[in-house]
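Trainee: Spelled out from the first residue to the last, the chains are:
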Amino acid sequence: MSTSSDNGSVNAGPGKGGQNTPSRHHANHGKRVAVVRSKRTLKQKLQWLSDHVRNEWQLYLMLLPTIVWFMVFLYKPMYGLQIAFKDYSIFRGVAASPWVGLEHFELLFTNDQFVRAFWNTIKISALNLLFAFPAPIILALMFNEILHATYKRAAQTIVYLPHFISSVIIAGIVITAFSPSVGVVNTVLSWFGIDSIYFLTKPEWFRPIFIGTGIWQEAGFGSIVFLAAIAGVSPSLYESAVVDGASRWQMMWKITLPSILPTIIIMLIIRIGNIMEVSFELIILLYQPATYSTADVVNTFVYRQGLQSGQYDFAAAAGLFNAVVAFVMVIIANTLARRYSKTSLW
Amino acid sequence: MSGVKLESIFKCYGNLEVVHGIDLEVQEKEFVVLVGPSGCGKSTTLRMIAGLEEITDGTISIDGREVNRVAPKDRDVAMVFQNYALYPHLKVFENIAFGLRIRKESKEHIAKTVAEVSEILGLTPYLDRKPAELSGGQRQRVAMGRAIVRHPKVFLFDEPLSNLDAKLRTQMRAEIKRLHKRLGATSVYVTHDQVEAMTLADRIVVMNDGYIEQIGTPMELFTNPANTFVASFIGSPPMNQLPGVIDVTSDGKKATVNDVTFTLPDHINVENGQAVVIGMRPEHFSISPVDGASTIPVSLNLVEPLGSEALLHTSIGEHALVVKTETHGAIDHLSNVQHLYAPANLVSVFDAESGLALTGSHN
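Residue numbers (our numbering), protein chains in the order written: chain A, 1344 to 1689; chain B, 17 to 379.
These are computed hints drawn from the structure, not numbers from a lab.
Treat the hints with caution; some may be incorrect.
Claimed, not checked - One side of the interface only, derived from the structure: several residues of chain A facing chain B at Cβ under 7 Å:
1. VAL1511
2. VAL1576
3. SER1579
4. SER1583
5. VAL1585
6. ASP1587
Cβ atoms here follow ideal geometry from the backbone N, Cα and C, with glycine treated the same way.
All chains, full assembly: derive it from the sequences and hints.
Mentor: Here is the structure:
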């Protein structure tokens, strides 16, 4: 290994342009020689890190709020995860509660409601993947075909809007729209002589309504990512295809879609990783005991058991199980994506 | 005959007119190069021929048929783009076959044609690779393969070599020339590189600011530039241009530049006292006395050795003058140069105001 190439790895650091001040160059000089001979020792690594942070402190400063957020809201609460293995009592506290091993999990897997909630989660997520995932892609492809700039902007704004409305209001709109007495859906049905249906009390209607609402709320906003990917496709690819005689439809299939495929795969991995996370808020707002059989998911189950019934340890076990399944799903999705399409999150 | 004819072509973007009524006729099998500085309208003109840009006014005909309102795919042209425009997700074979697939050609026909084309371009070993796994030169060849696979009437090249390094560019230039000889297709080639234009073209079209400055064979443009723009654009280093004043005397026509007198060719049409620009190619100066040449005292600023030749950067007063001379393997003697000799028949004269050439010819 030559000194000059090592200079690159030490001074420039991973991915950082080596715009170092002259004094830093000088300070590094002695160390650089030592690094050539063997692997870096821990001390040298720490030295490198502290130099690096001192040099790029602005970037780390910008990163700090996110790290703090993760620490406070995600990592610190992990301490409390242990209550999933304990007979937890608020009065004794997390540390002092006695261990009970996997008792809560055994209870969980024999609990009909939990098993039902688990399968409901999987089913809703699968349907989401099938219908709600392609929606923003299709929308982005459609926007891309609109030539009139003003019309395009107006159409985009309109479909983005529901994203900025609170889920509570969205649920309110949905409940009103499907109401048997004043709802627009039943009004339309009555024109065709169909009797009013109380959609939100019918288990078989919950999933279509929930997924449809999700599409309405998020598809427009979700299309931004794909539109950005489409914007990144070199215009000369299209021009060349035009000269070759491709129609707009052919260009969409043969150029646009393959070009944004990496983005689609990344979004799919994220989506699969979130397969256990159906949008909890919207379910809480739309479901009712009559539709529990199709609507109750793990998160709502945890909410009811933990916060409403005060079985914190049992709910923690359910939540932990959910998280483990999600974790495994992300790893599987990412590995598959990396193997078959050479695109992956990490 | 598959020629291309442009008649008073205008192009406007909103209120901005970028091409101001150009006329050009490209003969069948001819290789015409549009050359000019960036923003001169050469690429726009090419794209109008391809049908990628609308024509604001005028007529474009290909093969005797007006194509103003004909879609690009029906014009039977193929275009090679500066950034190759290869599909990153398709292998070389599929990239070359793209145009044929779009036209729903039979599988056998596609396999046969692609095989032929890749053989011509030396791409056969790379058919299974993706564009990202190819070198710049290979990508350029794939881009050309995509164009020739369709046997179009007209080839359009939009600065195809600009993304290559100097060495590859020279190599690909020769390859394009060889290919044109072999296929004999009508070609319109856009570049800002005058060397590319000189080496490739049957005829060069020099454009500037949306106008055609001159059309001619490479040597015509080199020896008889129509104006100061062409004179400064064609040739490297460019023609020296010095402002001077005409002095018609009994023993011939002369021009004075900073008290230095240039003897001019007799056949030029100038008046006493006329303000002119004297043009002299760097390689036309002599550093040793020549019969009948004007003697020009200069101060030498810098000698740049290029190998077999050297550039002398000299000046007359505030006017810079570049001279190209043979070294014969040594440059020491060049540092003593104090006088240059300018043979009268090699001096070009342009009107100072219009920039138009006043010399008929050097012959």
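Trainee: Are the hints correct? Go through all of them and say.
Mentor: Against the structure, the hints come out as follows:
1. Using the Cβ-Cβ criterion of 7 Å, the hint placing VAL1511/A at the interface with chain B is not satisfied: the shortest such distance is roughly 43 Å.
2. The restraint placing VAL1576/A at the interface with chain B is violated, with a minimum CB-CB distance near 10 Å, outside the 7 Å limit.
3. The closest approach between the C-beta of SER1579/A and any C-beta of chain B is roughly 4 Å, which is under the 7 Å cut-off, so the hint is satisfied.
4. At about 4 Å, the closest approach between the beta carbon of SER1583/A and any beta carbon in chain B falls short of 7 Å, and the interface hint on this residue holds.
5. Among the interface hints, the one on VAL1585/A holds; its C-beta lies about 5 Å from the nearest C-beta in chain B, closer than the 7 Å criterion.
6. Interface restraint check: ASP1587/A against chain B, minimum CB-CB distance 4 Å, threshold 7 Å, status holds.
Consistency with the previously given hints fails for numbers 1, 2, ordered from lowest to highest.
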